[in-house]
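**Q** One letter stands for each residue in the lines below.
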Amino acid sequence: MRGRRVLVAVAAAASLALAALPGAALTSARATTSTTFTVGLTQDVDSLNPFTGIASAAYEIYQLQYETLTDYAQKDFSTTPGLAESWDTSADGLTWTYHLKAGLTWSDGVPLTAKDVAYTFNRVRAGKYEQTNYGNYVSGLTSVVATDDQTVVMKVKKPTPIMLHLYVYILPEHIWKAIDEKKVKSFANEPVAGVSVGSGPYLVTEHKKGQFIRLKANPAYFRGKPAVDELVFRVFQNQDSLAQALRRGEIDFADNLGTNVFSSLKDAPGVTSVSATYSGFDEIAFNTGAALDDGTPIGDGHPALKDPKLRQALAYAIDTKALVDKVFGGHGTPGTSVIPSIYKALHYDPGASAYTFDPAKANAMLDAAGYAKGADGIRRMPGNGKPLAFRLFGRSSSQTSQQSVQFVAGWLQDVGIKMTTKIISEDSLTEIIGQGKFDLFEWGWVVEPDPNYQLSTFTCASRSYKDAGSIYANLSDSFFCDKSYDALFAQQAQQIDPAQRAETVKAMQKILYEQTPYLVTCYYDDLEAYRSDRFTGLLPQPEPDGALLYQYGTASYRSLRPVSAASHSAGTGTGGKKSSAGPASTSRGSSSSTGMVIGSVAAGGLVLAGLFVVLRRRRVSDHDVE
Amino acid sequence: MSSRPGRSGLSSYAGRRIATGSGTICFVLVFNFMLFRLLPGDPISLYTRGRNMDRSQLRALRHELNLPLGTQFLHYVRNPFSSTIDSIQFSRPVWSVIGDSVWPTLVLLSTSTVLSAVIGIAIGIKGGWKRGSTFDRVSTGITLTLYAMPEFWLGMVLLILFSTGLGFFPGIFPSGGTITPGLDPWSLDGVLDQAWHLALPAATLTLAYLAEYSLVMRSSLVDELSQDYLTTARAKGLMDRFVRRRHAVPNALLPTITLVFLNIGFVVSGAITVETVFSWPGLGLLSYQAIRGPDIPLLQAIFLLFSLSVVVFNVLADVVVATVDPRVRT
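Heads up: the protein sequence lines correspond to chains S and D, in order. Numbering that gives the first Met the number 0 numbers the first residue of the first sequence as 0 and each following residue consecutively. Numbering that gives the first Met the number 0 numbers the first residue of the second sequence as 0 and each following residue consecutively.
The shape of chain S in the complex, shown without the other chains:
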């Protein structure tokens, strides 16, 4: 008896508490008047320390918080001023002088001077750990000196175009000088006393690992305080709940969506979905003759793949248009050269000489090159009669990879090649590629605005190397090696004039296109969606249909603004979860707290109902017996 009374008392107390508390929640939510733009992430920010993080989301945070000397234009990736308002080069291209804007300050009021710039670069130059993320920007530097508060002079060994976009985040010396080389490895760079010190449009105020990062607008930002008061980056562990959160209005932006999730959001009220052109490509890579960087052959690639004529014929046998339509749901364009068409100034377009799907031509080319079909329908190598039997590897972690591999194997079988497909993990594939133990594989790259890194993956020196008796993978995964290509690579690495360099870069892509170490299958889109009923002003990079966020630079965040209350009610008339009054985030605040009230009441109701059932059950069963 006593037990039951306690139970009833607990239930009563619980229901009272549940009834009383949501009111408090409501009041606090109403007090929110600032605007908050929430971005959903499917990948956590690994570290707020710019020397440590490698996740793309982490770089988004870095560039929001720290400015660089120069920037990439939102319109077309050309070089634009950052902290430096101008720069000049000596006639020999060996001395670079950067002139900082006047009156720059850190968010804590300390002046931002050339000394901070010199400090950051010299720190990267001196620090082993600091070089892991920024080594390529400083490898050619011989000195970095602040000659006065607004002037930085850098000297380089050889002229290099990298000096036009040194994407090194300039850090506040007065804060980072306390973090020595020992401490920097484990330094988390979390906000101190509620806010981080930076120079960018937003400053980190709170980081809950694995959950979210909050940033607030920097009132001291030199281009002016951004219109949206707060940014939140919220981590989701799967795309479906990310999409649900966008529908619910818990978040305002989602990207990197899968085709299915993307099309499910197409007619969600208040949501605009964008298939944005992107800097990534997918390729079928050929083992063009695996060897170490000194030329020693390794691996067991099929010898026929060393023949460029065979690779060209295979390129005609693969239907890249069908891959885009069937594997990528049409969200992309058939690929050609290794610098995607999003980089208009650098992209090489083969025009009429492009590999268009033509199995008859592929067959004719193979016949002409001497790869005659045997009695079993499989082609043989001229001379030794070795059958053309290729292994094609795909990646288990990628749906598109697995599908592409199936299609490609089918098309190649149609022209008389015996194909074996293997789906393995990316880790295993990395290993197999490094050892040269493959014939073909499917993978992709995301290409930076500076073409140097991507082009370097096809140089002779980027092939695997031997160290202490073991073979290690380097950047090259097709083992392409061509003297004239290497000469052009060295040439572009010293061309400061963007137009001249573009010519060289195009000539290099032409060599790659004709020699075909890769068949670039698709320039895939980034599938994005955002709450257009709440926010407006996102800018694509590049114009007209590039990505809306995750750009090089923060232009889109700076132009972002809430849809005003008036134009909102005149808008598309979206879901009933938001109140129509007030600006964007206020309505969200009350909608979520309304949800919370109902949720708590429902939960309380459930508990009460459960208790009632338990109690009643006892009474009934007691009764049964009597």
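Please note that a few of the clues may not be correct.
Unchecked claim - Computed spacing ranges between beta-carbons, pair by pair:
(1) S:Ala125 x D:Trp152: 30 to 40 Å
(2) S:Lys265 x D:Pro67: 29 to 39 Å
(3) S:Gln401 x D:Gly140: 30 to 40 Å
(4) D:Trp102 x S:Val191: 16 to 26 Å
(5) S:Ser469 x D:Ala18: 54 to 64 Å
As the list claims (entries may be wrong) - Chain D side only, calculated, beta carbon under 7 Å to chain S, not exhaustive:
(6) Arg91
(7) Asp99
(8) Thr163
(9) Ser174
(10) Thr230
(11) Thr231
(12) Ala232
Stated by the list, open to error - Which chain D residues face chain S? A few, computed with CB under 7 Å, are given here:
(13) Ala13
(14) Leu158
(15) Ser278
(16) Pro280
It should be emphasised that the hints constitute simulated quantities derived from the structure, not laboratory data. Backbone N, C-alpha and C fix where the C-beta goes; we use that ideal spot for every residue, glycine too.
Position chain D relative to chain S; hints supplied.
**A** Relative to chain S, chain D alone:
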């Protein structure tokens, strides 16, 4: 009391169980070590993918991997107990990374374990006592159906129904996370908000594991029903509810106690799929991230933690059951 033979039997039994447990932990330690050295791929090239590092830096990183196996084993055994070894992915000491994830997992898994045990046992008692009744058939059917569903799918369905809202289902719960950004977790609003975030993932796990408790409880109660002592109790003229509450249920609870303790052992390892669906930053999710890295120092520490908790709670379950049921002390 101290001279009672039952007690000394218990302590020697407990001693034996603890010895076996320690043996298991040693085996797990060695097994883990070998396991990670059999993983394909070059961890260093994975770690440095996308970074600009020259060969001398890579060589320095590989130094650890190229050490003799014996030395590596010594480092490995020291690793779980050292606070100086960093996680590769998070660049922080492994225990601080794990520490961040322990609390969310404990909250989620202990809530759902308690709920599913209490509700499951209640269902099991009622169903077992009136075997074959409508309640028994319906509850067994429902709990088994829920048990057979993949947890992540059940979670996804609940998410769509009660977070997004569908038809007449109200979308009243958040779609993931543990707290609304900006709230102080220790304030009244913060605590409420966290309970609100906890509702769906905890409900998913509770529903998914009801059957485990209800079926074990039901079948052990059914076993007890045919026992002579119950007939005796009834013959004494005791009311049915006293027969059930005082005689049958305490005896039938024994297997359930074991089950509860075994499950507590797994509480620490989290619920990978449900934590993923609801973006719950617990240990299950962390282990998944560590495997994807692969973040070997982190994985080793996590695996050790999981193994320890399972082994410790197994031993504890044995000892507790032996305490309440002298028959098992053999």
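**Q** With reference to the structure, classify each hint as holding or not holding.
**A** Hint check results:
1. For the pair Ala125 (chain S) and Trp152 (chain D), the supplied restraint of 30 to 40 Å is violated, since their beta-carbon distance comes to about 54 Å.
2. At about 58 Å, the beta-carbon gap between Lys265 (chain S) and Pro67 (chain D) misses the expected band of 29 to 39 Å.
3. The supplied range of 30 to 40 Å is met by Gln401 (chain S) and Gly140 (chain D), whose beta-carbon atoms lie about 38 Å from each other.
4. Distance hint check: the CB atoms of Trp102 (chain D) and Val191 (chain S) are about 23 Å apart, consistent with the given range 16 to 26 Å.
5. Checking the proposed 54 to 64 Å range against Ser469 (chain S) and Ala18 (chain D) shows it is violated: the Cβ atoms sit about 42 Å from each other.
6. Annotation: interface hint on Arg91 (chain D) holds; nearest CB of chain S at approximately 6 Å, less than 7 Å.
7. The closest approach between the C-beta of Asp99 (chain D) and any C-beta of chain S is roughly 5 Å, which is under the 7 Å cut-off, so the hint is satisfied.
8. Checking Thr163 (chain D) against chain S: minimum C-beta separation of about 5 Å stays under 7 Å; hint holds.
9. About 4 Å separates the beta-carbon of Ser174 (chain D) from the nearest beta-carbon of chain S, less than 7 Å, and the hint is met.
10. Evaluation of the Thr230 (chain D) hint against chain S yields a violated restraint, the C-beta minimum of about 16 Å exceeding 7 Å.
11. Checking Thr231 (chain D) against chain S by beta carbon gives a least distance of about 17 Å; that is not within 7 Å, so the hint is violated.
12. Taking 7 Å as the C-beta cut-off, the interface hint given for Ala232 (chain D) is violated, the closest approach to chain S being about 13 Å.
13. About 32 Å separates the beta-carbon of Ala13 (chain D) from the nearest beta-carbon of chain S, more than 7 Å, and the hint is not met.
14. Against a cut-off of 7 Å between C-beta atoms, the interface hint on Leu158 (chain D) holds, since the closest Cβ of chain S lies about 6 Å away.
15. About 4 Å separates the beta-carbon of Ser278 (chain D) from the nearest beta-carbon of chain S, less than 7 Å, and the hint is met.
16. This hint holds: Pro280 (chain D) has a C-beta 3 Å from the nearest C-beta of chain S, less than the 7 Å allowed.
Hints 1, 2, 5, 10, 11, 12 and 13, counting from the list given before, are not met by this structure.
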